[in-house]
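Chains as they are written, first to last, in the numbering used here: chain A, 1 to 129; chain B, 1 to 142.
Careful: at least some of the hints might be erroneous.
[Stated by the list, open to error] Some chain B residues near chain A, calculated using beta-carbon distances under 7 Å:
(1) THR69
(2) GLY87
(3) PHE97
(4) TRP98
(5) MET99
(6) HIS102
(7) ARG107
(8) LEU113
[Claimed, not checked] Facing chain A, according to a computed beta carbon distance under 10 Å, are these residues of chain B, among others:
(9) ARG6
(10) TYR10
(11) LEU14
(12) TRP74
(13) LEU77
(14) MET109
Derived by calculation from the structure, the hints in this document are not laboratory data. Being a predicted model, the structure only gives us computed values, none of them experimental. We put the beta carbon where it would ideally sit given N, CA and C, even for glycine.
Each chain, letter by letter, is given below.
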Amino acid sequence: MTSSPPLHVWSAILFVATLAVMGEVMIAAGMRQLGDLDELRSSRGLGGTIAAVLTNARFVLGALCMALNFFSMLFALSIANLSLAGPAIAALTYVGNAVAAKFFLREHVDRRRWLATLCVVLGVILLSR
Amino acid sequence: MKHALRPSQYAILLGVMLSASIGDSFLKRGMEQIGAVNLHHLGLLWHALFNPYVDIGIVLLIGFFSLYTTALSWADLTFVMPATAFGYVVIALMGRFWMHEHLSLWRWMGIVLIVTAVGFVAGGPSRTEHPKLDQMDAGAGR
Chain A
1 MTSSPPLHVW
11 SAILFVATLA
21 VMGEVMIAAG
31 MRQLGDLDEL
41 RSSRGLGGTI
51 AAVLTNARFV
61 LGALCMALNF
71 FSMLFALSIA
81 NLSLAGPAIA
91 ALTYVGNAVA
101 AKFFLREHVD
111 RRRWLATLCV
121 VLGVILLSR
Chain B
1 MKHALRPSQY
11 AILLGVMLSA
21 SIGDSFLKRG
31 MEQIGAVNLH
41 HLGLLWHALF
51 NPYVDIGIVL
61 LIGFFSLYTT
71 ALSWADLTFV
81 MPATAFGYVV
91 IALMGRFWMH
101 EHLSLWRWMG
111 IVLIVTAVGF
121 VAGGPSRTEH
131 PKLDQMDAGA
141 GR
């Protein structure tokens, strides 16, 4: 299981995390585009809201990335130990999401949010020990 | 910036935390009953679909995804992520009290750090407002 070269293992981990970040950012962008779903539901009804979400190109692209992320995760777990891949992917995804949200979603990532992200990353690493 | 969430929005964040962690725990309990799946026993995955624990886990994870996307419709990704990371704590506590797993000192420290992270973001604004971008998005998306 751990006989794969470290370069292969870390490439797979980085690939999985990148897909997760792309998926989450695209889904977040899609949801921002649609606006508050509660308000949308009150104007279009539940069916109209579901249709609006499922026909949003950003959401669909994000969901596709998340599906690819699931299968690439299975591949990563076949060449890397769960105790390494799990926390590494979660930590990279949290940091990557914060950076991508700042630059692509133009979110205001202040010191409070960076600290929160850092705490979650360290917390996830400690939980996996 | 919006500083306050409605009670229903707090309920959605709570739902995100609980549905993911409880769903994962149900999947784990179900897969323990099914046994180890490998390339020579892929049929077990089909068998797993008829396990009630796995079924409940799948329903909860579908619920998680719909609640998560709803939260992203009114809050920033960098707000929702740490706020819902409390789910890791729920998983650890369920492992301790439901699966009777051992929680080391390191894991308790991890729990404290994640709770701290939730405290950091919970006191801040949930959404970065971009009136111009939002107007353009609304025009393109509806």
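To see whether the hints hold, each was checked on the structure:
Hint status for B/THR69 relative to chain A: holds, with the closest Cβ pair at about 6 Å, below 7 Å. Interface restraint check: B/GLY87 against chain A, minimum CB-CB distance 11 Å, threshold 7 Å, status violated. Violation of the interface hint for B/PHE97 is found here, the shortest Cβ-Cβ separation to chain A being roughly 16 Å, above the 7 Å cut-off. For the restraint placing B/TRP98 at the interface with chain A, the shortest Cβ-Cβ distance is roughly 16 Å, beyond the 7 Å limit, so the hint is violated.
The interface hint given for B/MET99 is broken, as the beta carbon of that residue sits about 15 Å from the closest beta carbon of chain A, more than 7 Å. Hint status for B/HIS102: violated, given a least beta-carbon distance of 12 Å to chain A, over 7 Å. For B/ARG107, the suggested interface contact is upheld, since its CB lies about 5 Å from the closest CB of chain A, less than 7 Å. Annotation: interface hint on B/LEU113 holds; nearest CB of chain A at approximately 4 Å, less than 7 Å.
Annotation: interface hint on B/ARG6 holds; nearest CB of chain A at approximately 9 Å, less than 10 Å. With a least beta-carbon distance of about 13 Å to chain A, the hint placing B/TYR10 at the interface is violated under the 10 Å criterion. Of the supplied interface hints, the one on B/LEU14 is violated, with its beta-carbon coming no nearer than about 16 Å to a beta-carbon of chain A, more than 10 Å. With a least beta-carbon distance of about 5 Å to chain A, the hint placing B/TRP74 at the interface is held under the 10 Å criterion.
Here the hint on B/LEU77 is kept, as its CB sits about 4 Å from the closest CB of chain A, short of 10 Å. The interface hint given for B/MET109 is met, as the beta carbon of that residue sits about 5 Å from the closest beta carbon of chain A, less than 10 Å.
In this structure, the earlier hints numbered 2, 3, 4, 5, 6, 10 and 11 are contradicted, and the remaining ones agree with it.
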